[in-house]
Amino acid sequence: MTLLIGSLTIGLILSLLAFGILISFRVVAFEDLTVDGSFALGGATAATLIVGQIHPLLATFCAALAGAAAGGVTAILHTKFGIDRLLSGILVMTGLYSVNLRVMGKSNVPLLSERTVMDYGDGWAKLLFGDETVVSIAGWEAPSRDLSSLMLMGFAAIVIGILLYTFFRTNFGLAMQAIGDNSKMIRALGVNVDLMTIGALMLGNSLIGLAGALMAQYQGFADVQMGIGMLVWGVASVILGESLVGTKKIGFLIAGAVMGSVLFRLLVAIALRWGLNPNDLKLITAVFVFAALVLPKFASHGSRLVRRNRDA
Amino acid sequence: MLELTDIRKTFFRGTPNEVRALRGVNLTIDRGSFVCVIGTNGSGKSTLLNAVAGAFPLDSGRILLDGQDITRWPEHRRAKLIGRVFQDPFSGTAPSMTIAENLALAARRGLRRGPGLALNVGKRREMRERVRAMGLNLEDRLNNPIGTLSGGQRQSLTLLMAGMVKPALLLLDEHTAALDPKSADQVIRLTEEFIAKDRLTTLMVTHSMQQAAALGDRVIMMDRGQIVHDISGIAKQRLRPEDLLSRFDEIRRANQLDETAAEMLHSQYV
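Line by line, the protein sequences give chains A and B.
If you read the first sequence in this note's numbering, its first letter stands for residue 1, the second for the next number, and so on.
If you read the second sequence in this note's numbering, its first letter stands for residue 1, the second for the next number, and so on.
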């Protein structure tokens with residue numbers, strides 16, 4: 001049960017990461033590789049500020065700003081200096097490794113004795129469950145602290161998801177979507193595509209930084225390595241979500257990103273429970289993304305073959 | 001209204017592929033005038049349109065539009081004054097967005113795009129009316145992605161979108177060239193209605209002598225980056241497609257003469 005709740009909570013935290021990747025990879029069609037760096041930057045910023053006795057909410061907000069700055073640099077490298085998209089992201093991601101070490105001053109900052117945003121969940125837990133530290137759900141025992149974290153992260157994912165959806169329905173948000181769909185057209189309709197790209201990457205990476213900050217506070221430490229593999233993880237969530245909702249409408253994609261993230265985390269938890277070596281996890285994730293990208297092509301190819309045979 | 005002064009553009013300068021696409025074009029178009037631009041492939045007619053739209057910086061020359069010097073304005077800034085329809089039906093619309101969303105994008109051309117909702121009941125009703133008025137039977141499909149429509153339907157919608165905010169200048173770049181004859185006729189009919197209704201100042205590039213003879217109040221013929229004929233007034237009203245064809249022939253003969261003459265000189269003196 002604890003494992004399940006933990007997986008759900010992490011899945012919800014990483015759904016913010018999936019939102020960020022949805023914005024860069026899907027909405028504005030920018031293959032942004034900053035992710036691994038901006039995720040760890042978010043964690044490092046939040047952890048360092050919290051240890052420095054800054055209010056945890058403010059620290060988390062600053063982590064989102066730091067992520068936005070990282071995304072902004074990547075977008076500026078591409079739009080203003082003409083550097084290839086992939087290379088822009090790689091440059092920033094690589095540079096951020098050193099920045100993150102500078103921010104933290106060491107490779108790992110523990111938060112176990114600090115006050116974090118997760119403590120806000122405890123207030124809710126008290127309201128709901130009274131002073132009990134262990135709650136029974138349908139016969140299963142679960143620590144109320146874990147449940148409160150789960151609720152808090154679920155709340156965060158839903159609120160941010162709704163805010164994003166609303167944003168994409170505004171004039172500004174609609175123009176941002178058009179960038180990825182047809183940049184020639186939206187330029188002819190008077191949108192500064194460069195500026196809009198910078199804005200989109202800042203927005204996306206602020207969410208990724210936010211996810212990093214929440215992750216650090218949930219697991220009780222920030223680590224310079226915590227971003228590794230997050231890009232592929234997020235892409236996997238987005239792809240899984242897309243296949244779950246089966247449409248390109250932005251509202252469904254946002255909901256799909258949450259579902260994909262949670263489902264993917266659950267699948268991983270089950271695989272680990274069955275004895276998967278954690279060291280193999282990144283490889284499995286990469287293979288999964290490969291399969292998700294390639295299989296649909298094979299499927300359509302297969303149906304074409306079938307049709308051709310039938311016609312013949 | 002639109003005033004081009006000696007505009008020049010050379011692509012790939014200093015390479016074997018150097019193309020002198022515009023070689024000193026001067027053109028003044030009055031408010032409310034509808035000008036057709038014709039010319040052979042590579043004559044610079046599309047380059048001329050793109051130069052006005054701001055797709056690339058000029059080597060020299062000046063562009064005035066609506067009393068403002070827009071020579072150094074980037075493309076997206078010029079969009080405030082200019083509505084465009086491209087040759088490729090896929091260029092003018094965002095395929096995975098709905099008809100309504102595309103129209104909503106066009107309704108803010110050149111305007112600030114703020115935090116207001118892009119679509120609401122009132123705006124949808126207004127769009128429905130506008131789409132219905134085109135007579136394409138698309139008014140009940142506003143929530144369909146535009147990518148599901150035919151090329152002709154997309155071009156018609158692009159035309160509608162270009163006029164949502166009244167442009168000081170409408171640029172049509174062979175916007176029927178990629179369509180089947182029936183759709184092309186329909187789009188041309190809509191184009192005429194549209195331009196007549198708002199008395200839009202229009203610059204239209206076309207391949208079709210019929211269109212050039214039948215539409216508008218002025219025809220400009222381009223050759224090798226320059227304007228070689230400019231027909232307006234009574235002469236334009238009497239103009240037939242055959243007249244334009246014979247002028248093309250003249251140009252071709254003149255060009256051939258140049259080449260043979262050059263060859264002759266080359267063989268004699270080199």
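Hints are computed from structural coordinates only; laboratory data are not their basis.
Among the hints, a few may not be true.
Using 30 Å as the maximum straight-line C-alpha spacing, the simulated BS3-like pairs for lysine-lysine come out as follows [said to hold, decoys possible]:
#  : chain 1 : residue 1 : chain 2 : residue 2
1  : A       : Lys248    : A       : Lys184
2  : B       : Lys236    : A       : Lys184
3  : B       : Lys182    : B       : Lys166
4  : B       : Lys80     : A       : Lys80
5  : A       : Lys184    : B       : Lys123
6  : A       : Lys248    : B       : Lys197
7  : B       : Lys80     : B       : Lys123
8  : B       : Lys123    : B       : Lys236
9  : B       : Lys123    : B       : Lys197
10 : A       : Lys184    : B       : Lys166
11 : B       : Lys197    : B       : Lys166
12 : B       : Lys166    : B       : Lys123
13 : A       : Lys184    : B       : Lys80
14 : B       : Lys197    : B       : Lys236
15 : A       : Lys80     : A       : Lys106
16 : B       : Lys197    : B       : Lys182
17 : A       : Lys106    : A       : Lys248
18 : B       : Lys80     : A       : Lys249
19 : A       : Lys80     : A       : Lys184
20 : B       : Lys197    : B       : Lys80
21 : B       : Lys166    : A       : Lys106
22 : A       : Lys249    : B       : Lys236
23 : A       : Lys282    : A       : Lys184
Covered by chain A, according to a simulated footprint, are these stretches of chain B (three or more residues, beta-carbon under 8 Å) [what the hints assert, rightly or not]:
#  : segment
24 : 70 to 80
25 : 89 to 103
26 : 110 to 119
Just so you know, these numbers come straight off a predicted model, no measurement behind them.
Even glycine gets a Cβ: it sits at the ideal position worked out from N, Cα and C.
Hints, one by one, checked against the model:
With a C-alpha separation of about 20 Å, the suggested pair Lys248 (chain A) and Lys184 (chain A) falls inside the 30 Å cut-off, and the hint holds. The straight-line distance between the Cα atoms of Lys236 (chain B) and Lys184 (chain A) is roughly 34 Å, outside the 30 Å bound, and the hint therefore fails. Between Lys182 (chain B) and Lys166 (chain B) the alpha-carbon distance is near 28 Å, which keeps this suggested pair within the 30 Å criterion. With a C-alpha separation of about 23 Å, the suggested pair Lys80 (chain B) and Lys80 (chain A) falls inside the 30 Å cut-off, and the hint holds.
About 25 Å separates the Cα atoms of Lys184 (chain A) and Lys123 (chain B), which keeps this hinted pair within 30 Å; it holds. A threshold of 30 Å between alpha carbons decides the hint, and for Lys248 (chain A) with Lys197 (chain B) the separation of about 37 Å lies outside it, so the pair is violated. In summary, the hint linking Lys80 (chain B) to Lys123 (chain B) is supported, as the alpha carbons are separated by about 21 Å, within the 30 Å threshold. Between Lys123 (chain B) and Lys236 (chain B) the alpha-carbon distance is near 41 Å, which puts this suggested pair outside the 30 Å criterion.
Pair hint Lys123 (chain B) plus Lys197 (chain B) holds up; C-alpha atoms about 22 Å apart against a cutoff of 30 Å. Distance check on the hinted pair: Lys184 (chain A) and Lys166 (chain B) sit about 20 Å apart at the alpha-carbon level, within 30 Å; holds. Restraint check for Lys197 (chain B) and Lys166 (chain B): satisfied, since their Cα atoms lie roughly 11 Å apart, inside the 30 Å limit. Restraint check for Lys166 (chain B) and Lys123 (chain B): satisfied, since their Cα atoms lie roughly 17 Å apart, inside the 30 Å limit.
A C-alpha spacing of about 15 Å is found between Lys184 (chain A) and Lys80 (chain B), which places the hinted pair at or below 30 Å, so the restraint holds. Taken as a hint, the Lys197 (chain B) and Lys236 (chain B) pair is honoured in the structure, with Cα atoms around 21 Å apart against an allowance of 30 Å. A threshold of 30 Å between alpha carbons decides the hint, and for Lys80 (chain A) with Lys106 (chain A) the separation of about 33 Å lies outside it, so the pair is violated. Restraint check for Lys197 (chain B) and Lys182 (chain B): the C-alpha separation of about 23 Å stays at or below 30 Å, so the hint holds.
About 43 Å separates the Cα atoms of Lys106 (chain A) and Lys248 (chain A), which puts this hinted pair outside 30 Å; it is violated. For the suggested pair Lys80 (chain B) and Lys249 (chain A), the alpha carbons sit about 29 Å apart, so the restraint of at most 30 Å is met. Under the criterion of a C-alpha separation no larger than 30 Å, the hint pairing Lys80 (chain A) with Lys184 (chain A) is consistent with the structure, at around 18 Å. Between Lys197 (chain B) and Lys80 (chain B) the alpha-carbon distance is near 20 Å, which keeps this suggested pair within the 30 Å criterion.
Simply put, Lys166 (chain B) and Lys106 (chain A) have alpha-carbon atoms about 60 Å apart, too far for the 30 Å limit, and the pair is violated. This hinted pair does not check out: Lys249 (chain A) and Lys236 (chain B) have alpha carbons roughly 50 Å apart, beyond 30 Å. For a cut-off of 30 Å, the pair hint linking Lys282 (chain A) to Lys184 (chain A) is broken: about 38 Å separates their Cα positions. Under a criterion of three residues with beta carbons nearer than 8 Å to beta carbons of chain A, the stated coverage of the segment 70 to 80 of chain B is upheld, 6 such residues being counted.
Requiring three or more residues with a Cβ within less than 8 Å of a Cβ of chain A, the coverage given for the segment 89 to 103 of chain B holds, as 9 such residues are present. A count of 9 residues in the segment 110 to 119 of chain B with a Cβ less than 8 Å from any Cβ of chain A is obtained; the coverage claim is therefore met, three being the minimum.
Hint check: violations occur at hints 2, 6, 8, 15, 17, 21, 22, 23; the rest are consistent with the structure.
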